[in-house]
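Student: Build the full structure now, drawing on both the sequences and the hints.
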Amino acid sequence: MKKLFLVLAIAAIATSAIAQENTRDKPFLFSIGLEAALPVGDFGDAYSFGIGGTLQGEYKAAEDLGITLNAGYITYSGKDISIPGIGTFKVPSFGLIPVLAGVKYYFGGGAYAHGQLGAGFGTDEGDGVNFMYSPGLGYMFAPGFDAELKYTGISSSGEDTGSLNSIGLRLAYNF
72 MKKLFLVLAI
82 AAIATSAIAQ
92 ENTRDKPFLF
102 SIGLEAALPV
112 GDFGDAYSFG
122 IGGTLQGEYK
132 AAEDLGITLN
142 AGYITYSGKD
152 ISIPGIGTFK
162 VPSFGLIPVL
172 AGVKYYFGGG
182 AYAHGQLGAG
192 FGTDEGDGVN
202 FMYSPGLGYM
212 FAPGFDAELK
222 YTGISSSGED
232 TGSLNSIGLR
242 LAYNF
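Our numbering applies: residue 72 is where the sequence shown begins, and numbers increase by one.
Don't read these hints as lab results, they were simulated from the structure.
The beta-carbon is built from N, C-alpha and C at its ideal position, and this holds for glycine as well.
You may find that some hints are simply not true.
Computed spacing ranges between beta-carbons, pair by pair [as the list claims (entries may be wrong)]:
no., residue 1, residue 2, range
1, Ala132, Val111, 30 to 38 Å
2, Phe202, Thr146, 18 to 26 Å
3, Leu240, Gly149, 15 to 23 Å
4, Glu196, Ile138, 29 to 37 Å
5, Ser164, Ala132, 34 to 42 Å
6, Thr159, Phe202, 30 to 38 Å
7, Glu134, Pro214, 19 to 27 Å
Tutor: Set out below in structure tokens:
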């Protein structure tokens with residue numbers, strides 16, 4: 072039984088490695104992803120959760136280096152805030168259209184580091200354009216599934232200024 076398990080595990084790892092290499096061998100890689108974000112810091116005081124989707128293109132610039140372009144939509148749901156003596160009110164949701172360019176470095180075996188810079192366009196009047204940065208670590212699973220844990224920092228402009236930071240997870244399918 073142990074030998075059978077060992078043979079199956081080796082076969083799964085070998086198949087996974089072959090599928091990863093085939094996906095990464097393409098000069099252009101596209102992915103569609105589901106994004107989930109947990110606001111932190113002051114942003115977490117007013118917003119509970121972010122969810123959205125992104126499209127990403129990647130150009131293989133070198134054997135272990137990719138240049139990425141990412142765009143999508145993420146909405147953050149507002150919390151109920153209580154102010155003593157005044158009452159409770161609901162913070163309206165916040166919509167963001169991120170447009171980011173980045174560099175992805177593959178360590179080998181599917182693991183990678185990904186850094187992105189760009190702009191986030193608020194969807195409500197007065198939200199303005201926000202500078203965004205997003206470092207992350209991820210892993211490309213076979214056949215073409217991808218998971219990335221990342222930190223996103225947003226320096227907001229417009230009517231309200233400050234930092235809107237979150238810890239997120241992107242689950243994507245690469246093709």
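Student: If you check the beta carbons of Glu134 and Pro214, does the distance land in 19 to 27 Å?
Tutor: Given a distance of about 20 Å, which is inside 19 to 27 Å, the answer is holds.
Student: Go ahead and decide if the range 15 to 23 Å is satisfied by the Cβ distance of Leu240 to Gly149.
Tutor: This hint holds: roughly 21 Å between Cβ atoms.
Student: Is the distance from the Cβ of Glu196 to the Cβ of Ile138 consistent with 29 to 37 Å?
Tutor: Given a distance of about 34 Å, which is inside 29 to 37 Å, the answer is holds.
Student: Kindly confirm whether 30 to 38 Å is satisfied by the beta carbon distance between Thr159 and Phe202.
Tutor: Since Thr159 and Phe202 have Cβ atoms about 33 Å apart, the given range 30 to 38 Å holds.
Student: Determine whether the Cβ-Cβ distance between Ala132 and Val111 falls within the hinted range of 30 to 38 Å.
Tutor: holds (32 Å)
Student: Should the hint that Ser164 and Ala132 are 34 to 42 Å apart at their CB atoms be regarded as holding?
Tutor: Holds: the Cβ-Cβ distance is about 37 Å, inside 34 to 42 Å.
Student: If you check the beta carbons of Phe202 and Thr146, does the distance land in 18 to 26 Å?
Tutor: Holds, at about 20 Å.
The structure fails none of the hints (numbered hints given earlier).
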